[in-house]
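Number of protein chains: 2
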Amino acid sequence: MAITFQSPIKHNFNPSSSSSPISYAPSLYLIKTRLSFGFNLSSVSSKTQTHITIPEPEPVFTSVKSFAPATVANLGPGFDFLGCAVDGIGDFITLQVDPDVKPGQVSISGISGDGNRLSKDPLSNCAGIAALSVMKMLNIQSIGLSMILEKGLPLGSGLGSSAASAAAAAVAVNELFGRKLEVSDLVLAGLESETKVSGYHADNIAPSIMGGFVLIRSYDPLELIPLKFPYEKDLFFVLVNPKFEAPTKKMRAALPLEVTMSHHIWNCSQAGALVAAILTGDSRGLGKALSSDKIVEPRRGPLIPGMEGVKKAALKAGAFGCTISGAGPTLVAVTDEEEKGREIGERMVEAFMKEGKLKALAMVKKLDRVGARLVSSNPR
Amino acid sequence: MAITFQSPIKHNFNPSSSSSPISYAPSLYLIKTRLSFGFNLSSVSSKTQTHITIPEPEPVFTSVKSFAPATVANLGPGFDFLGCAVDGIGDFITLQVDPDVKPGQVSISGISGDGNRLSKDPLSNCAGIAALSVMKMLNIQSIGLSMILEKGLPLGSGLGSSAASAAAAAVAVNELFGRKLEVSDLVLAGLESETKVSGYHADNIAPSIMGGFVLIRSYDPLELIPLKFPYEKDLFFVLVNPKFEAPTKKMRAALPLEVTMSHHIWNCSQAGALVAAILTGDSRGLGKALSSDKIVEPRRGPLIPGMEGVKKAALKAGAFGCTISGAGPTLVAVTDEEEKGREIGERMVEAFMKEGKLKALAMVKKLDRVGARLVSSNPR
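For the record, the sequence lines run as chains A and B.
Count the first sequence with the UniProt record's numbering and you get residues 1 to 380, in order.
Count the second sequence with the UniProt record's numbering and you get residues 1 to 380, in order.
Among these hints, one or two may not hold up.
[Claimed, not checked] A few chain B residues that don't get close to chain A, going by computed Cβ distances all over 10 angstroms:
1) I89
2) V97
3) L123
4) G144
5) K151
6) D234
7) K249
8) M251
9) A253
10) L361
[To be verified] Cross-link-like lysine-lysine pairs, in silico, PhoX-like; alpha carbons within 25 angstroms at most:
11) B:K228 <-> A:K233
12) B:K120 <-> B:K65
13) B:K233 <-> A:K228
14) B:K316 <-> B:K357
[What the hints assert, rightly or not] Here are the in silico distance ranges between beta carbons for each label pair:
15) B:L255 <-> A:G309: 35 to 43 angstroms
16) A:D121 <-> B:G318: 49 to 57 angstroms
17) A:P302 <-> B:E350: 50 to 58 angstroms
18) B:S262 <-> A:P55: 35 to 43 angstroms
19) B:G104 <-> A:E350: 51 to 59 angstroms
20) A:Y200 <-> B:P230: 31 to 39 angstroms
21) A:L374 <-> B:R342: 46 to 54 angstroms
22) B:P302 <-> A:M353: 50 to 58 angstroms
23) A:L374 <-> B:P230: 31 to 39 angstroms
24) A:T62 <-> B:P256: 58 to 66 angstroms
For the record, the hints were derived by calculation from the structure and aren't laboratory data.
Please read these numbers as outputs of a predicted model, since none were measured by experiment.
Positions of the beta carbon are idealized from the N, C-alpha and C atoms, including for glycine.
Take these sequences, add in the hints, and give me the full structure.
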């Protein structure tokens, strides 16, 4: 069953659920949203909502540190509706109660890592927007916050960098105030951030917050289906990030406005095969499916120097499949053995140099099954 | 994992596997084809095959009777690649060793039920073509066969009538000769029949032979993924067949040559949601997904008088979803209770009369999890 996120126009609150913990989606059997807050994602169901002032919660910590994982979106035939989180790489947020910050506001006091180009204006920074959105949901009016963003992800790499910052910030604020919101609310806060910073799409923010694979079934209302890859099965992602700035506008412009019926049917069946492979833990089938896109990859691939050769090298080295991560330039290959993953990564790095004249870095990562989380806290 | 059907050009045989029984696909973990025979579906792997004359098997029965179930193909966003079998409705074949028939040939001695329009020439009859194809695979040269086809399915109804006849015939021949072939071979035989009679598509023949839900991943090579709906979950199909001959040519012509990218992404995500719903036994999600097609149903629906009103009536009566079965005119709705299914069927029949001025018959059927099978036999 899916999570359906009601998105009323007006700020509203259901008092019966305010103390519920966040439920991180453990499986396809799932979670009902009990709190819904209003940024205008949809007019659906807005008329049925009542407007109640939310009681402002007290902070339960003086500071918290959170982490949110990188994500691989698109996944070949899963273009624009499927993403997953990868373990051990992502962004951190350290958030504290700060009497020097105007109540109800958040200040970004520092950005480390690959974040030089990011604005410290919270209204222009993905972490700031998500934090403010959660503060608004919680009706925080008496407390000011400051945060430090540690970028563990390179910008514009196709690994969901903005989503990881937003996810970490949303979780940090929620944890600081005693975890009053649902995971669904945090996704909505993150989606508000993504909309302003990188476009209205949930296929990075949802897996970064929820972990695992997430299928975006609809946006109006926002409805998400967590797809559980079986715990007992191994899955490794080989992420190869070349030193190359993907031409975002060209990447977007490369998308066709229309697709042929035969390509539509093909990609649709591969998307079905991909979902089946995820749910049954068939990493070989998963690789094959994500490698089979006939619509987006053939158009975007040529914009990444050497991409075709790197994909060939990955498959030759034993990868089950390979495609572009997000909008690139990172490429993602999959396998079921870590050591094999390292070999595949080496061959891909060599091929990037040989075929595309690009330096590249390879990482082998597991599926992240948890999503954004608290990593430390200081009680009041 | 998927079944991959190697399809060499030449007739060939692997003697090590000739005595293996058919394995009916029990789950997504599956079956490797060990026998592959050549009708030219693909040139893939043909060079690696050796050509060995198959030893002609003896019949182990003097006669057999087989059954193959009706199928619902397309399933909304599963257009052209997803189908399932429904229980308790289908075609029967009675097949016997017949010394009056020329060795290596099959004769159709009778057709009962809704089969008046069908040819008794085995080369023009779907059951005859499938039977001959299996006889060719088995290298039957010394025995002639005759068959009686009992049509339990109306022709041109969108319930996979031709596929059920072909499936029953293929299974009957294989059983008569001691079950030497794999399920995959029988699908190939059925596909040869479908290609000649109703078009090159496997989304009826594969589920009619294999049972359950089957995803057609590719045709070259033919690769099928059985999708197991959990045994402990209930799923009922409400099949409502109006007295109306669907205009096949118009139905085909109604398909667009191209689809918009946004509709493509929508249908793709719904196809993913449909597969997830099947594998997790989420009948509500399954209904919702099959009801969500934005590409084919909006174009074909208006060619079935009253279709829109009937769908609305189904949903109003509590169906989880409703769409066109195959190319119509039968409509299929889903629910998880038999009694509820009967109510839904009644409302749909009423709506067909009110909105489309068509008489209609409703049936409530379970998922068929077995596929085509032997129902009786007479030993030699």
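Here is what the structure says about each hint:
{"no.": "1", "hint": "I89", "in the structure": "26 angstroms, holds"}
{"no.": "2", "hint": "V97", "in the structure": "41 angstroms, holds"}
{"no.": "3", "hint": "L123", "in the structure": "30 angstroms, holds"}
{"no.": "4", "hint": "G144", "in the structure": "40 angstroms, holds"}
{"no.": "5", "hint": "K151", "in the structure": "30 angstroms, holds"}
{"no.": "6", "hint": "D234", "in the structure": "15 angstroms, holds"}
{"no.": "7", "hint": "K249", "in the structure": "17 angstroms, holds"}
{"no.": "8", "hint": "M251", "in the structure": "14 angstroms, holds"}
{"no.": "9", "hint": "A253", "in the structure": "12 angstroms, holds"}
{"no.": "10", "hint": "L361", "in the structure": "31 angstroms, holds"}
{"no.": "11", "hint": "B:K228 <-> A:K233", "in the structure": "19 angstroms, holds"}
{"no.": "12", "hint": "B:K120 <-> B:K65", "in the structure": "18 angstroms, holds"}
{"no.": "13", "hint": "B:K233 <-> A:K228", "in the structure": "19 angstroms, holds"}
{"no.": "14", "hint": "B:K316 <-> B:K357", "in the structure": "20 angstroms, holds"}
{"no.": "15", "hint": "B:L255 <-> A:G309: 35 to 43 angstroms", "in the structure": "37 angstroms, holds"}
{"no.": "16", "hint": "A:D121 <-> B:G318: 49 to 57 angstroms", "in the structure": "52 angstroms, holds"}
{"no.": "17", "hint": "A:P302 <-> B:E350: 50 to 58 angstroms", "in the structure": "56 angstroms, holds"}
{"no.": "18", "hint": "B:S262 <-> A:P55: 35 to 43 angstroms", "in the structure": "41 angstroms, holds"}
{"no.": "19", "hint": "B:G104 <-> A:E350: 51 to 59 angstroms", "in the structure": "58 angstroms, holds"}
{"no.": "20", "hint": "A:Y200 <-> B:P230: 31 to 39 angstroms", "in the structure": "35 angstroms, holds"}
{"no.": "21", "hint": "A:L374 <-> B:R342: 46 to 54 angstroms", "in the structure": "52 angstroms, holds"}
{"no.": "22", "hint": "B:P302 <-> A:M353: 50 to 58 angstroms", "in the structure": "57 angstroms, holds"}
{"no.": "23", "hint": "A:L374 <-> B:P230: 31 to 39 angstroms", "in the structure": "35 angstroms, holds"}
{"no.": "24", "hint": "A:T62 <-> B:P256: 58 to 66 angstroms", "in the structure": "60 angstroms, holds"}
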